[in-house]
Every structure is written in structure tokens, then in C-alpha cells.
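Chemist: Sequence:
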Amino acid sequence: MQSKVFDFAELQQSNPCFGCPAPCCRMQLIPCHTPNNFMDLDYLRYMLLFPGTEAIVREDGSWGLIKWVKCSALDDSNCLCKLHNTAQKPHICKSYNAYNCWYKKNFVLTNSQEIYRLNLERFDIWIHEIQFAENGDIVSAPDFNQSIDILKDVPIEPTFAQLDDAILSSDIRFS
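Residue numbering for the sequence shown is 1 to 175, as defined by our numbering.
Bear in mind the hints are in silico, worked out from the structure with no lab data behind them.
Heads up, the beta-carbon is just placed ideally off N, CA and C, and yes, glycines get one too.
Don't take each hint at face value.
As the list claims (entries may be wrong) - Per label pair, the in silico range of CB-to-CB distance:
1) E121 with D143: 15 to 25 Å
2) D143 with A9: 42 to 52 Å
3) I130 with P90: 29 to 39 Å
4) P90 with T159: 24 to 34 Å
5) H33 with I92: 36 to 46 Å
6) D75 with P155: 27 to 37 Å
7) G64 with Q146: 12 to 22 Å
8) Q162 with G136: 21 to 31 Å
9) Y96 with N135: 37 to 47 Å
10) K89 with Q131: 43 to 53 Å
11) G64 with F132: 16 to 26 Å
Just need the whole structure built from these sequences, with the hints factored in.
Modeler: Now the structure itself:
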């Protein structure tokens, strides 16, 4: 499927969030340090015991935790912010570059290769590939691509898809 091509004026009038199910407003992304030893991994496993929590690993090796919780300002019926164009909208949201959306690339579009996600089930599979020194330090671990391969057959939720045209056509902001 070929992507639509826009000229400058069309892109200027477009909404890069059009049709997006707003994964950015359904999660809290919390940075965490890269695990170096058994206790770091034990802590991550402990965190994954809490419902709605998962870890992500970026291609550059950095780690984060996701808490799946919806922002109270998100309108579920159309995936739009109730605080849009108000003084109450957080600056982090106002300044976010939606034309290069990390959330959309990694949670809506298929086959992202920028991150892999670890819920408890996936973590417990992945952790068996780690080897430790006697003092608990990590001696070897699968690299990014090996990890993706290890986890490829283990599904993870939630997944997102572009919004249905019926939903979009019912809201005048999308017309």
C-alpha cells in the first residue's frame, strides 16, 4: 500500500493524529536504567507482577516501564483530548511532535522494529536466555534482534489499529 503524498498546504492543514487510537494517552512511559545484574532483573520482574505494567527495550539498549492507564483527559469516543486548545493542556502534550510520533510508530503501525515489549509472560521466556556470573552480574544476554526472534510467537496486548472510518465520520473535527 502506497502512502498518500501531500503538498505543503495540505500537510499544513492536516492533523497527524487523524485516525490514531492515541496510545500516547493510554500509557505512562517511565524511564528506567538498563539492568546489569540479577537484582536489577528481579526488580523488573517484580514491577511486571503489577497489572497493566510492561517493560520496553529500545534498539539502542535503553529500557523503560509502561503503566497502561488512560489519561483522564482522553475522550474514548473519538480519541481526542478534552483539554485541546485550553490552558490546562500539559506543555509536554502541546510541544509533542506528532509528525514524528514514536507512539504511533511503535504501537499502531505494524512490525515496529524500534522496541520490543516484555509483559510478565514474555519476560519469563526472555530471562531464560540470560547468563550470570557468581556475583549476579549479567555475563551474556540476547541482543536486540535475538530478543525479537525469541519473543516473535508470544503475543502481547494491548494492540492498536487506526480508527474506523465510521467513528471518524461521526465527529465534525475529522471532516
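Chemist: If a hint holds in the structure, say so; if it doesn't, say that too.
Modeler: Hints, verified against the model:
| no. | hint | verdict |
| --- | --- | --- |
| 1 | E121 with D143: 15 to 25 Å | 21 Å, holds |
| 2 | D143 with A9: 42 to 52 Å | 45 Å, holds |
| 3 | I130 with P90: 29 to 39 Å | 37 Å, holds |
| 4 | P90 with T159: 24 to 34 Å | 26 Å, holds |
| 5 | H33 with I92: 36 to 46 Å | 22 Å, violated |
| 6 | D75 with P155: 27 to 37 Å | 28 Å, holds |
| 7 | G64 with Q146: 12 to 22 Å | 20 Å, holds |
| 8 | Q162 with G136: 21 to 31 Å | 45 Å, violated |
| 9 | Y96 with N135: 37 to 47 Å | 42 Å, holds |
| 10 | K89 with Q131: 43 to 53 Å | 47 Å, holds |
| 11 | G64 with F132: 16 to 26 Å | 23 Å, holds |
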